[in-house]
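Okay, here's what each chain looks like letter by letter:
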Amino acid sequence: MSGSVGQLGDAESRALAAWEIASVAASVVVAAWGVLALGGVSRLWLAVPVGLAVALMIYSHGGRGESLRDLGWRFDNFGRALVALAPMMLASMVVLAACGWLWFGGRFSLFGGRGGSTLAGYAVWGVVWGLLQQYALQGFINRRAQIIFGAGWRSILLTALVFALLHLPNPWLAAATFLAGLGWAHAYQRAPNLFALALSHAVLTWALISTVPAAALEGLRVGFKYFG
Amino acid sequence: MTTGDLETRRRDAESLTHASPRLSARAGARLSRFLVAKSLAETLFVVALVAHFSYAHFNPRLRGSLDAADAREIAGWVADADRPAAQPEVELYLDGQFVARRRADAARADVLEARRAASAEHGFVFQTPPLLPGEHEARVFAVHEGADLERKALVEIGKPMRFQVAEGR
Numbered sequence: 001m002s003g004s005v006g007q008l009g010d011a012e013s014r015a016l017a018a019w020e021i022a023s024v025a026a027s028v029v030v031a032a033w034g035v036l037a038l039g040g041v042s043r044l045w046l047a048v049p050v051g052l053a054v055a056l057m058i059y060s061h062g063g064r065g066e067s068l069r070d071l072g073w074r075f076d077n078f079g080r081a082l083v084a085l086a087p088m089m090l091a092s093m094v095v096l097a098a099c100g101w102l103w104f105g106g107r108f109s110l111f112g113g114r115g116g117s118t119l120a121g122y123a124v125w126g127v128v129w130g131l132l133q134q135y136a137l138q139g140f141i142n143r144r145a146q147i148i149f150g151a152g153w154r155s156i157l158l159t160a161l162v163f164a165l166l167h168l169p170n171p172w173l174a175a176a177t178f179l180a181g182l183g184w185a186h187a188y189q190r191a192p193n194l195f196a197l198a199l200s201h202a203v204l205t206w207a208l209i210s211t212v213p214a215a216a217l218e219g220l221r222v223g224f225k226y227f228g
Numbered sequence: 001m002t003t004g005d006l007e008t009r010r011r012d013a014e015s016l017t018h019a020s021p022r023l024s025a026r027a028g029a030r031l032s033r034f035l036v037a038k039s040l041a042e043t044l045f046v047v048a049l050v051a052h053f054s055y056a057h058f059n060p061r062l063r064g065s066l067d068a069a070d071a072r073e074i075a076g077w078v079a080d081a082d083r084p085a086a087q088p089e090v091e092l093y094l095d096g097q098f099v100a101r102r103r104a105d106a107a108r109a110d111v112l113e114a115r116r117a118a119s120a121e122h123g124f125v126f127q128t129p130p131l132l133p134g135e136h137e138a139r140v141f142a143v144h145e146g147a148d149l150e151r152k153a154l155v156e157i158g159k160p161m162r163f164q165v166a167e168g169r
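If you read the protein sequences in the order shown, they are chains P and A.
Going by this note's numbering, the first residue of the first sequence is number 1, and it counts up by one from there.
Going by this note's numbering, the first residue of the second sequence is number 1, and it counts up by one from there.
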């Protein structure tokens, strides 16, 4: 033990944070590659890896004394977080629109996503799903990455890499999530706000599925489901 | 910049400082134990998942035998101990190539006498197609429909049988 008496040393603290990231990622892998491949039609099996990952995150927050506010469950910096996200979102939407126009002939489908065919249905699904993903990605993985590398480009890169790897073997989705993950992780380190990130997640997902045909994205499928 | 903005930024900085709170040794040990327990639970879960999948999709209760294979016919029987009345479908492969599929519903009095099925109608007989002279291998698989009806699996019945086809047949 290299830290002060009764505290973990730096190396131990980093190793523990890395183990936490790996453990949550392993739960996602078990869900995406194990349950969806072997669990048949029953999605109840998903509750086990998802429940274990959530239990770990909550337990870890408690052990480290992180409050909901620390994690980004707050509104006081919502506007500033949106400002931090705006350049990345605008750039992403322009790039997506250009890709959709140049490569796929501009056949945009504005409300063809999940959550039904209405904008309201999509918005609810997109924001809730985005909030869950951003909590795990930023509220947990980004924060643990900062324990390993400190705030800055290395922890941002690690967060985006983990996010992209969990979207394999879908190559285009992995690339898109890596780029978006960089922007989100950077914005979180400037203004930690999960609601703004969830909104951004929903808008960018909507932009992605509206501009790029589902066939090119393989219907956003990841893990074993990617293969049909 | 207003006082409120400055306060929000100060709180953000505090939150980020909190990204690296130093754990006490005791809390670190507890977290490590939790991680070990989670790993064990997930490993057991994957084992249970694989066992469930194997049982549901590769029915170990299928019984049968490939009894005869020659240049004229290939015959045997198959029954599902879980569903004794069911007459599974069987597929014939010769030298690794699919040849034919049929239901195992031919009469086999010996199977009923041995109490391996609920009725005698669990046999199968395939007519051997024209083959080149020489040695050939016959394999028969029962088609097992998975519990979720999403997947079907081929379960080999008995052991592969080799047989000779003579010149001039």
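Simulated from the structure, these hints should not be mistaken for lab results.
Hints are supplied without guarantee of correctness; some may be wrong.
[To be verified] Among the chain A residues that face chain P by a calculated CB cut under 7 Å, a handful are: (1) Leu-31; (2) Phe-45; (3) Val-47; (4) Ala-51.
Values in this document were obtained by computation on a predicted structure and should not be read as measured data.
Positions of the beta carbon are idealized from the N, C-alpha and C atoms, including for glycine.
Right, here's what the structure says about each hint:
Checking A:Leu-31 against chain P by beta carbon gives a least distance of about 5 Å; that is within 7 Å, so the hint holds. Interface restraint check: A:Phe-45 against chain P, minimum CB-CB distance 5 Å, threshold 7 Å, status holds. Of the supplied interface hints, the one on A:Val-47 is violated, with its beta-carbon coming no nearer than about 11 Å to a beta-carbon of chain P, more than 7 Å. Using the Cβ-Cβ criterion of 7 Å, the hint placing A:Ala-51 at the interface with chain P is not satisfied: the shortest such distance is roughly 10 Å.
The earlier numbered hints that this structure contradicts are 3 and 4.
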